[in-house]
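> These are the residues of each chain, in order.
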Amino acid sequence: MTMVAGSSNLHLPSLSVSGLRGVGKVLISQLGRVTLFAGKNGVGKTTLLEAVRIYASRSEYSVLEQILQGREEFVTTLDEDGHELLIHDWRSLFHGRALKAGTSISIGPEITDQKLNIKIAKRRKEDSEQWSREIRENFVFLENDLKLVIEYDKENRSIPMGSFGRRTRFPSGPYRKSGPLTSGTPEIKCVSLDPGLLDNASMVRFWDNVALTDNEQDVVAALRLGFGDRVERVAVVGDDTRHSYNRARRVIVKVQDQQSPIPLRSLGEGAVRFLGVALALTNSTDGFLVIDEAENGIHHTVQRDFWNMVLEIAHKKNIQVFATTHSWDCVVGFAQASKARKDVDGRLVRLESEDDGVRAVEYPEDQLHTATEQHIEVR
Amino acid sequence: MPGEAVLLVEGQDDGHVVRAIKDPTSQLCSFDITVKNGLDVLIKSLPLEIKAPDRRTIGIVVDANDDIKQRW
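Quick note, the sequences are listed as chains A and C, same order. The numbers in our numbering rise by one with no breaks, and the one at position 259 of the first sequence is 259. Count along the second sequence from 1, add 379, and you get the number used in our numbering.
Quick caveat, the hints were computed from the structure, so don't treat them as lab data. By construction, the Cβ of each residue, glycine as well, lies at the ideal position given by its N, Cα and C atoms. Keep in mind that a hint or two might mislead.
[What the hints assert, rightly or not] Straight-line alpha carbon distances no greater than 27 Å define the calculated DSSO-like cross-link-like pairs of lysine-lysine that follow: (1) A:Lys-189 x A:Lys-119; (2) A:Lys-40 x C:Lys-401; (3) A:Lys-339 x A:Lys-316; (4) A:Lys-254 x A:Lys-339; (5) A:Lys-100 x A:Lys-125; (6) C:Lys-423 x A:Lys-339; (7) A:Lys-339 x C:Lys-401; (8) A:Lys-100 x A:Lys-115; (9) C:Lys-401 x A:Lys-342; (10) A:Lys-115 x A:Lys-339; (11) A:Lys-342 x C:Lys-448; (12) A:Lys-100 x A:Lys-122; (13) C:Lys-423 x A:Lys-25; (14) A:Lys-115 x A:Lys-189; (15) C:Lys-448 x A:Lys-40; (16) A:Lys-342 x A:Lys-317; (17) A:Lys-125 x A:Lys-189; (18) A:Lys-119 x A:Lys-154; (19) A:Lys-25 x A:Lys-100; (20) A:Lys-154 x A:Lys-122; (21) A:Lys-125 x A:Lys-25.
[As the list claims (entries may be wrong)] Distance windows between CB atoms, simulated: (22) A:Thr-112 x C:Lys-448: 31 to 37 Å; (23) A:Ala-235 x C:Arg-435: 34 to 40 Å; (24) C:Val-420 x A:Ser-353: 27 to 33 Å; (25) A:Arg-265 x C:Asp-402: 53 to 59 Å; (26) A:Gly-102 x C:Leu-418: 33 to 39 Å; (27) C:Lys-423 x A:Gln-114: 32 to 38 Å; (28) A:Asp-329 x C:Pro-403: 40 to 46 Å; (29) C:Pro-403 x A:Arg-265: 23 to 29 Å.
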């Protein structure tokens, strides 16, 4: 494969996905430092973000579980005492919801030996012996005779398909330790932002990692883009030990001409989104950031500033960003910002349904800029 | 934004002419007109107009007063 400037140091210079949810097959021949996915509803934009998350984690159980949870993919089954139990519906991960041995998902760059494969296979007696006692005794299998096999970098490991039911959290620890995969290629850090605003718990967790570091300046600068230059300082206050809603840790902001600090949430959705994305970026160094519906909460007049900030931090911190959008204002802001940054490659990919899969229509930076200047549709 | 069928024209005058002769009742005339402000702009936009979503038909009107062969 030919490497071009700007993509050679990316974890994912290209992306090939097959068998994942609604995406039968898709190939994106070149990704950017920042790639914006567009396309009609239901075509698979969010699925591609999920593919990136799964690839980054090397198919860690907890990430698969989060994806199923986010999609509300549950199925009811009975435990051995005959009580109803809600477990994750693993069928929904696979194209056509096919749960049978031999069905597989493949995610990775075009280069074959870097692909992550998730296969459904027949369970063998010795599989259970490798799993922890808690799983052997309490786990509820979706299908008794099936398991998942995760293949990456010439290694593989088996994980059970099912869950402990709604009340019990899956202990990811034992699998991470027992699987040979984790001792090989390390997973890539990946932070995921959904279409809503970042919750307080994530916000303060991210803040803890940037407070009083050089990154703090980037984060405060981002908040100024979202709220204005009157922002002076940012802090986190509260007490997590009391488990009380009105005492929980939260972000407050010192605004010029205001005597008392103001809760971040009172500054409006744009301010929260700017700060949330900047915090997520500064917590994704050398990894991935995925943002679903990137335009949310951001006024069209500051879309370019928003993408300037994303491109700047992504470049500085060696982060590869994947985002989705439906918004023309977002596309225009992105095109303007990436055109202005010669050193950072920003690209747009539109996904289109076709008979045997999904087609990727790719717009390099120059084409995207021309399209937005001439009001030619790209979404 | 223009839809499935689009006619690209070089300038505003070409746009006015096409609008004047276009039969609004004819199915054959159910296309959008996009004015491109010059031949260079039109040519630069062609690959992007072709790959616009749902695009099925593209027509082009360019001025061929001076050198028909070269324009073609």
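> None of the hints should be skipped; say for each whether it holds.
Here is how each hint holds up against the structure:
Proximity of A:Lys-189 to A:Lys-119 is assessed by CA-CA distance (about 23 Å); at most 27 Å being required, the pair is judged to hold. Distance check on the hinted pair: A:Lys-40 and C:Lys-401 sit about 32 Å apart at the alpha-carbon level, beyond 27 Å; violated. Among the hinted pairs, A:Lys-339 with A:Lys-316 is consistent with the structure: their alpha-carbon atoms are about 17 Å apart, no more than 27 Å. Taking the CA atoms of A:Lys-254 and A:Lys-339, the gap is near 34 Å; set against the 27 Å cutoff, the hint is violated.
For the given pair, A:Lys-100 sits about 18 Å from A:Lys-125 by alpha-carbon distance, which is consistent with the 27 Å threshold. Restraint check: the Cα-Cα separation between C:Lys-423 and A:Lys-339 comes to about 17 Å, which is no more than 27 Å; the hinted pair holds. For the given pair, A:Lys-339 sits about 39 Å from C:Lys-401 by alpha-carbon distance, which is inconsistent with the 27 Å threshold. Among the hinted pairs, A:Lys-100 with A:Lys-115 is consistent with the structure: their alpha-carbon atoms are about 21 Å apart, no more than 27 Å.
Only pairs whose Cα atoms come within 27 Å are accepted, and C:Lys-401 paired with A:Lys-342 is rejected, the gap being roughly 44 Å. Distance restraint check for A:Lys-115 and A:Lys-339: the Cα-Cα separation of roughly 31 Å exceeds the 27 Å cut-off, and the hinted pair is therefore not satisfied. For the hint pairing A:Lys-342 with C:Lys-448, the CA-to-CA distance comes to about 39 Å; that exceeds 27 Å, so the pair is violated. Between the alpha carbons of A:Lys-100 and A:Lys-122 the distance comes to roughly 9 Å, so the proposed pair stays at or under 27 Å and holds.
Between the alpha carbons of C:Lys-423 and A:Lys-25 the distance comes to roughly 31 Å, so the proposed pair goes past 27 Å and is violated. Taken as a hint, the A:Lys-115 and A:Lys-189 pair is honoured in the structure, with Cα atoms around 17 Å apart against an allowance of 27 Å. Only pairs whose Cα atoms come within 27 Å are accepted, and C:Lys-448 paired with A:Lys-40 is rejected, the gap being roughly 42 Å. A C-alpha spacing of about 17 Å is found between A:Lys-342 and A:Lys-317, which places the hinted pair at or below 27 Å, so the restraint holds.
Of the supplied pair hints, the one linking A:Lys-125 and A:Lys-189 is violated, its CA atoms being roughly 34 Å apart against a limit of 27 Å. Between A:Lys-119 and A:Lys-154 the alpha-carbon distance is near 14 Å, which keeps this suggested pair within the 27 Å criterion. Of the supplied pair hints, the one linking A:Lys-25 and A:Lys-100 holds, its CA atoms being roughly 19 Å apart against a limit of 27 Å. Simply put, A:Lys-154 and A:Lys-122 have alpha-carbon atoms about 20 Å apart, close enough for the 27 Å limit, and the pair holds.
For the proposed pair A:Lys-125 and A:Lys-25, the alpha carbon gap of about 33 Å is over 27 Å, so the pair is violated. At roughly 49 Å, the beta carbons of A:Thr-112 and C:Lys-448 sit outside the given window of 31 to 37 Å. The hint said 34 to 40 Å for the Cβ distance between A:Ala-235 and C:Arg-435, and at roughly 56 Å that hint is violated. Restraint check, C:Val-420 to A:Ser-353: a C-beta distance of roughly 32 Å satisfies the suggested window 27 to 33 Å.
A beta carbon spacing of about 58 Å between A:Arg-265 and C:Asp-402 agrees with the range 53 to 59 Å that was offered as a hint. A:Gly-102 and C:Leu-418 have their C-beta atoms about 56 Å apart, which leaves the hinted 33 to 39 Å range violated. At roughly 37 Å, the beta-carbon separation of C:Lys-423 and A:Gln-114 lies within the given 32 to 38 Å, and the hint holds. Judged by the Cβ atoms, the range 40 to 46 Å given for A:Asp-329 and C:Pro-403 is violated: they are separated by roughly 32 Å.
Distance hint check for C:Pro-403 and A:Arg-265: the Cβ-Cβ separation is about 53 Å, which falls outside the suggested range of 23 to 29 Å.
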